[in-house]
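Full structure from sequences and hints, please.
In the UniProt record's numbering, the protein residues as written are 1 to 377.
Think of the hints as simulated: they come from the structure by calculation, not from any bench.
Computed from a prediction, not measured in an experiment: that's the story for all the values here.
Note that the Cβ used here is the ideal one computed from N, Cα and C, for glycine as well.
Among the clues, some could well be false.
Result set (DMTMM-like, lysine to aspartate or glutamate): computed pairs, CA atoms no more than 20 angstroms apart in a straight line [to be verified]: (1) 302 with 6; (2) 131 with 38; (3) 212 with 144; (4) 221 with 181; (5) 235 with 254; (6) 62 with 201; (7) 221 with 141.
Pairwise CB distance ranges (calculated) [what the hints assert, rightly or not]: (8) 340 with 59: 17 to 23 angstroms; (9) 234 with 10: 26 to 32 angstroms; (10) 341 with 127: 27 to 33 angstroms; (11) 208 with 42: 49 to 55 angstroms; (12) 282 with 5: 56 to 62 angstroms.
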Amino acid sequence: LKIAIEASDGASDYGNKFGEPVVCGFARSFGQRLVNGERYEFVKPIMFSGGIGAIDDDQTTKLSGHHGTLLAKIGGPVYRVGVGGGAASSHFVQAKFQHSEMTGKFPTSGSRESALDFCAVQRGDAEMGQKLHRVVRACAEMGDANPILSIHDQGAGGNGNVLKELVESGGGAVINASSFELGDDTISARELWTAEYQENDACLVEASSISKMMEISQREKCNVSIVGTVTKENKIVLTNFDDDMDDRTPVDLDLRALGDRGKKVFHLRSLQMPLRPLELPARLTVRQALEMVLRLPSVASKRYLTCKVDRSVTGLIARQQCVGPLHTPLADVAVVALSYFDKVRAACVYPTIFVSDYNEMRRFKRRQQSSWRRSPP
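See the structure below:
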């Protein structure tokens, strides 16, 4: 429950600072010892939150780069954040809990485990995320004059992944480490290439259009760095910092070595559990059963998830989580208007609700068709 609460705190805090309404989501966690002594528990709690976005259909096709196309990074500077990605973060968080279980205390702030954890775990910057959002939106709203040919959000793998994704179909690229905007001058080439620092996108831009993007980014006070160019060598190359005494190339890899690798195969098997008829223990009281049910986060009130985040900013929200005269968080759909001047909207529902609505819709259509068959032509 603590993890579910703190995870939702992060989503709410980021949404409030970014200025984006959080209008839908859910939290699920289960861990309970049954009356017969068996214990059932989720491997991890689940917390999902989201808003609703839209994009013009003429901006949905990515264009490939060619020899001489520029590679640009938009957003925050390079920090020693997310080194090792989510795998390292999960590993160190798990190790921290195991350490606390064995010793009864968490690693201290100066320990090696704490330092590794600090580098691995993500830390968001909502203000920079808002600036990046405004730059990308301004470019997209230019329509056919949009300077962005293709854009990818930086995620796991950092620059080593996102830059490769943009050029793997276009012939490769040469990247210059000194062209990146650094937030920490002690960043090494390895950290620059792998750090998963957030609020940063990579994009392909024609040389003739880069001035438009620079003008927009200067207006929004968001950094844009031209970090490389597309080549025809089918290789991804990272040149070292200009002031580095080591003149070796940190990265020089064939794109085929990065993309055309064998798929890892996972073999899954299910444990066959004996299914027995439900038997309520003779000693089970209504009070005990009620207490067990009310401990479940999926049954309890969701006010702790909704009342700490703005759910109406932008003025386009038609339906959010809280509904009714008591403002109770019971809504099964989120609805937003996509314009202040038109009757266009979007809705987001959970899969279980969608299936229910879908079945009801099919039953309605069958009833409608049946009535048509009975009615005279």
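Consistency of the hints with the structure:
no. : hint                             : verdict
1   : 302 with 6                       : holds, 14 angstroms
2   : 131 with 38                      : violated, 51 angstroms
3   : 212 with 144                     : holds, 13 angstroms
4   : 221 with 181                     : holds, 14 angstroms
5   : 235 with 254                     : holds, 4 angstroms
6   : 62 with 201                      : holds, 15 angstroms
7   : 221 with 141                     : holds, 18 angstroms
8   : 340 with 59: 17 to 23 angstroms  : holds, 20 angstroms
9   : 234 with 10: 26 to 32 angstroms  : violated, 41 angstroms
10  : 341 with 127: 27 to 33 angstroms : holds, 29 angstroms
11  : 208 with 42: 49 to 55 angstroms  : holds, 53 angstroms
12  : 282 with 5: 56 to 62 angstroms   : violated, 37 angstroms
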